[in-house]
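**Q** Sequence:
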Amino acid sequence: MKTHLQSADDTERSDTLLIFLPGAYLKPEEFEREGFISAVRERHLAADALLVDADVSYYYDQTLSERLHADVIEPQRAKGYTSIWLVGISIGGFGALIHELARPGSVDGIVALAPYLGRRVLGAEIKKAGGLRAWQAPTGPQPDEEPDRKLWPFFQQYLAPKPAKDLPPLYLGFGLADRFASNHKLLADALPPGRVFTTEGGHDWPEWRQLWRNVLDVLPLPSLPSLPALVRGARAPARRFPAAASRASSAMPSAIAA
1 MKTHLQSADD TERSDTLLIF LPGAYLKPEE FEREGFISAV RERHLAADAL LVDADVSYYY
61 DQTLSERLHA DVIEPQRAKG YTSIWLVGIS IGGFGALIHE LARPGSVDGI VALAPYLGRR
121 VLGAEIKKAG GLRAWQAPTG PQPDEEPDRK LWPFFQQYLA PKPAKDLPPL YLGFGLADRF
181 ASNHKLLADA LPPGRVFTTE GGHDWPEWRQ LWRNVLDVLP LPSLPSLPAL VRGARAPARR
241 FPAAASRASS AMPSAIAA
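Under my numbering, the first residue of the sequence shown carries the number 1, and numbering increases by one thereafter.
Be a bit skeptical, because a hint or two may be false.
Unchecked claim - Derived lysine to aspartate or glutamate pairs resembling EDC-like cross-links, with alpha carbons at most 16 Å apart:
| no. | residue 1 | residue 2 |
| --- | --- | --- |
| 1 | K2 | E42 |
| 2 | K27 | D204 |
| 3 | K2 | E66 |
| 4 | K27 | D53 |
| 5 | K185 | D108 |
| 6 | K150 | E125 |
| 7 | K2 | D108 |
| 8 | K2 | E74 |
| 9 | K79 | E30 |
| 10 | K27 | E66 |
| 11 | K185 | D166 |
| 12 | K2 | E34 |
| 13 | K2 | E30 |
| 14 | K165 | D108 |
| 15 | K2 | D55 |
| 16 | K79 | E12 |
Derived by calculation from the structure, the hints in this document are not laboratory data.
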């Protein structure tokens, strides 16, 4: 995988790395064009950014997790990064999540913006059951091996009163009119309210930019050491998904989208 590093500080490498995974048919440099990197710098965060050219071919041939780990994460760990976060948009968010399925605990946090979360029909089954809190994953042989069969049981780990120590914190952001919003809301029910953000609008860069800035304001990232008394920039109003009341590896996903 081709990568491009953007350092937080031109004189010193940070111990924290944000790895950006683009949506389908989007270029990694679009994160820079759309202000994702400048948003990190404006907040004077000690977090380097690595733009990864993880195009849809890696999803089609089912090598995304393998290549991401071998070509990106392991080499960056070897360079001394002690905290690595995956930041993915749409299919990139899906990629970050299925990587965690394949390599549990290999990253320190995940930000999924408008992620593709699998087929709507499976989401509809979970909703019909009363949501993730009530849904029980089928046992025995499954009708197919699509990743979403494992993804939803994985999300249920976040419902535990004390999630496993190696379960990375997951931050979710999505537009309320996003075409994947029905599945996003199911996942939101499993996460703490402070880790879920929404905005008006659908599935495009204006929504993703706003969501990224809102999420970035609360991520547990270090500040540059030269600014110990830093006061972060004005925070854009964030819409956090309200806490819901308690209620009783494969082919390329069929709904690839940006």
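**Q** Now, for every hint given, state plainly whether the structure supports it.
**A** Now for the hints, and whether the structure bears them out:
no.: 1; hint: K2 with E42; result: violated (26 Å)
no.: 2; hint: K27 with D204; result: holds (14 Å)
no.: 3; hint: K2 with E66; result: holds (14 Å)
no.: 4; hint: K27 with D53; result: holds (7 Å)
no.: 5; hint: K185 with D108; result: violated (23 Å)
no.: 6; hint: K150 with E125; result: holds (14 Å)
no.: 7; hint: K2 with D108; result: violated (22 Å)
no.: 8; hint: K2 with E74; result: holds (14 Å)
no.: 9; hint: K79 with E30; result: violated (25 Å)
no.: 10; hint: K27 with E66; result: violated (20 Å)
no.: 11; hint: K185 with D166; result: violated (24 Å)
no.: 12; hint: K2 with E34; result: violated (20 Å)
no.: 13; hint: K2 with E30; result: holds (15 Å)
no.: 14; hint: K165 with D108; result: holds (10 Å)
no.: 15; hint: K2 with D55; result: holds (10 Å)
no.: 16; hint: K79 with E12; result: holds (13 Å)
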